[in-house]
Structure formats: C-alpha cells, structure tokens
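So you can see what is in the structure, the chains are spelled out below.
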Amino acid sequence: TQLLEQSPQFLSIQEGENLTVYCNSSSVFSSLQWYRQEPGEGPVLLVTVVTGGEVKKLKRLTFQFGDARKDSSLHITAAQPGDTGLYLCAGGYSGYALNFGKGTSLLVTP
Amino acid sequence: NAGVTQTPKFRVLKTGQSMTLLCAQDMNHEYMYWYRQDPGMGLRLIHYSVGEGTTAKGEVPDGYNVSRLKKQNFLLGLESAAPSQTSVYFCASRTSRTGELFFGEGSRLTVL
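Residue numbers (the numbering used here), protein chains in the order written: chain A, 1 to 110; chain B, 1001 to 1112.
Calculated from the structure, these hints are not laboratory results.
A portion of the hints provided could be inaccurate.
[Claimed, not checked] Have a look at the derived ranges for each label pair, beta carbon to beta carbon: (1) A:8 / B:1097: 24 to 32 Å; (2) A:7 / B:1016: 34 to 42 Å; (3) B:1017 / A:18: 46 to 54 Å; (4) B:1017 / A:30: 35 to 43 Å; (5) A:93 / B:1002: 25 to 33 Å; (6) A:28 / B:1095: 21 to 29 Å; (7) B:1061 / A:28: 23 to 31 Å.
[Claimed, not checked] Per the computed footprint, the stretches of chain B lying under chain A, defined by three or more beta-carbons under 8 Å from a beta-carbon of chain A, are: (8) 1039 to 1045; (9) 1051 to 1064; (10) 1104 to 1110.
Glycine residues also receive a C-beta, built at the ideal position from the N, C-alpha and C atoms.
Based on the provided sequences and hints, a complete structural model is requested.
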C-alpha cells in the first residue's frame, strides 16, 4: 500500500492569514486529488492534478503538483471561516484504487 | 439528483452479529469503493469494484466482504462484527480511473 503523508495534521489560524498544507509520497502518482470534508458529510473534490509541475487555482486556493509527481501542496490565501474543514489528498497509482492521506484539520477563527 | 445513497445511516450491533451496508448510485459509474474513516486515520480503502461482477481488496479488507451484482449497487458485509469495526463507512463512485469520487453521506456503525 502506497503511503501518503499529510502535514500538518492540525492547523488553527485567524481569518486573513495564509497557510500551506502538504501531501507527500515515496511513490509516483498517476494523478492526485484534493478533497475537503465538513463534519457529518462525505468529502467533496476540490481539484485533480495529473501533470508534474502543474499549478491550478480555485479562487483563493492554489494547488501545486511536484515535478516528480511525488508531492503536492495546497496554499490558501487570506483564509476565511468558511475554509474550515478537513483537507484530504488522494493519490492514484497504476491501478484503480485511490488512497487517501490522514488529512489536515483546518480551523479558521474570525 | 440522488447521487450516492447509503443505507442505513446509523446502526448499532453487538459483537458477533452480521449486517450489510448498501450503496446505490444513479450516475451509471463503473467504479465503486468502500472506505472507513476513523479519527486521525483519514479514509482507508476496504474493497473496490471496477465493474459489475468484479471486486478487489483494498488496504484493510479483513472482516469484510463485498458484492457487485448490479452496476448501480455495491454491498459491504460484516460477517461477525467486532468492536474494531466501529467506524464511519463511506461509499464512493466515479466514472473513470482519474475522475472525481462522489461520496455518500456515510454510515455510522457502532459495535458493542
């Protein structure tokens, strides 16, 4: 089983601050996805990246895929309370399974 | 649009009892997955299916069985429930190997 390491595990910041969370693996991803999960709900897709070096932006969220396709980062600019949630990265490899990291729990306080 | 529906949403079992969780999707997706989510552990893959009549083991398959007799349904069975199987179970489906996973709302299972 390929392991995905996410860091930090917990993050508590104030509204308006910037933050970055990381997702790393020792194996090469064929694709990588970021999901956000709110309490009592299933995860919801934020973005999919497939090309090494790829950068995607979703409003205040910037996603980067490492050149070697072994790591990814999610940067949030000017965080808002609505960004609070569990952020999960999920890596696809050569097969059909999609493995998730343990997640980063983000709390943004007003 | 229903999307992915899981039943039941809550269940309490005694050790040794059996039960089946049902996942139904109305999006005509080929791939379906069962995950369990425990505090601090993220989502761990139990079993998955790449098409009707096919299943495969994921990261934590022991103590679970699955069946995909119809394309739209993916069943997860616990033959003899154990307290270690207390968890929130999520079903998900997608249309391609790199496509978006659509999740159900989860089924919370407690084994006493």
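Hint check results:
1. A:8 / B:1097: 24 to 32 Å: About 30 Å separates the Cβ atoms of residue 8 of chain A and residue 1097 of chain B, which means 24 to 32 Å holds.
2. A:7 / B:1016: 34 to 42 Å: holds, 40 Å
3. B:1017 / A:18: 46 to 54 Å: holds, 49 Å
4. B:1017 / A:30: 35 to 43 Å: At roughly 40 Å between Cβ atoms, residue 30 of chain A and residue 1017 of chain B fall inside 35 to 43 Å, so the hint holds.
5. A:93 / B:1002: 25 to 33 Å: holds, 31 Å
6. A:28 / B:1095: 21 to 29 Å: Cβ of residue 28 of chain A to Cβ of residue 1095 of chain B: about 24 Å, so the range 21 to 29 Å holds.
7. B:1061 / A:28: 23 to 31 Å: Holds, at about 25 Å.
8. 1039 to 1045: The restraint on the region 1039 to 1045 of chain B holds, since 6 of its residues have a Cβ under 8 Å from chain A and three suffice.
9. 1051 to 1064: Contact hint for the region 1051 to 1064 of chain B vs chain A: holds, 3 residues under 8 Å.
10. 1104 to 1110: Since three or more residues must qualify, the claim that chain A covers the region 1104 to 1110 of chain B holds, with 3 doing so at under 8 Å.
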